Amino acid sequence: MSLAAVATADRFVDLAGLLESCEVGGFRADFVSWGHYRPEYWRNYWHSHSFHEVCLAYAGEGRFNSGQAEYAVGEGDVFLARPGDVHEIESSRSSPLGIAFWGFTFRAMSGTPGNGWWSGLTRPDGPVVSTAVGGLPAVVAALAGEAASPRSGYSESLAAFGAALVLDTARAFALDQDLSVEPIVRDRGPVVVEAMQRHLLDNLARPVTVREVAAAVHLSERHAERLFQTVTGASLMSTLRRMRLELAAQLLLDHTLTVTHVARACGYSDVRPFSTAFKRHYGRTPGEFRRTGGTSFV
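Take the sequence shown: its letters are residues 1 to 298, numbered as in this note's numbering.
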């Protein structure tokens, strides 16, 4: 989402009293301020806070002074004053600065963690101006939308968005080495096969083809069949038959259901082929299976 969405997120200020705290990755954030300045000339003079204050510029330009350093900031910049940082912000008169801002305390709930995404907030010597806004514009807009019209579930939604706000804020100021992780090796095969198995289970009562199953996971028939066989050791259609007969065995224990009803519930349009398949699989006809309650006698 673009910065234009932040420009219209003036209801961001209504989060006061709605979103007070959140937890993310073993940290707790307590929110203490929310704000939204339109692109008009403004200045807040030298001051400091006991919390983190973050500004996201969505329009115009200005300057951010932090300690002895002076930074030119403008649209697309996010800048941070850590607890105790003496700082000052002044909008340009010719191209006024528009910002959304938020303030929060940030502390580990247990132990002293090493470095990670949170280092953007915990490193005292980290950067204070960044262009790595990531998902911040979208999160700010989403929070403003929830605040503008709270609905059932707003507390849970705000807590989730609040956690995303804290996480994306920290990432914006974290060093590259703090954000790096070990390469993630993804094997989609088992996941895709699980989706195919789920499709089979969801459609046991209706005709199913390999083409249909392959289309459900966006693969060619040949690729889908080969992948399924590799992961499970069985073909799609043999697995479908097994699933249907396992369902039939469960349904036959319900004496209120006729054998015909069970057959149709398991994808068989006629009792005769169902009975033949059932006996081949279980060694007994459906009627015999029902009479013994599914118990085998040796």
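A few of these clues could be false.
[Unchecked claim] Beta-carbon label-pair distances, calculated as ranges: (1) S92 <-> P190: 53 to 59 angstroms; (2) A160 <-> P127: 53 to 59 angstroms; (3) G25 <-> S220: 36 to 42 angstroms.
Hints in this document: simulated from the structure, not taken from any laboratory.
Just so we're clear, the structure is a prediction, and the values are computed from it rather than from any experiment.
All C-beta atoms in this analysis are idealised placements derived from N, C-alpha and C, irrespective of residue type, glycine included.
Going down the list of hints, with the structure as the test:
Distance hint for S92 and P190: a CB-CB separation of about 55 angstroms, consistent with the stated range 53 to 59 angstroms. Taking the beta carbon of each, A160 and P127 are about 27 angstroms apart, not inside 53 to 59 angstroms as hinted. Between G25 and S220 the beta carbons are some 41 angstroms apart, a value that agrees with the proposed interval 36 to 42 angstroms.
Hint violations for this structure: number 2 only, all remaining hints satisfied.
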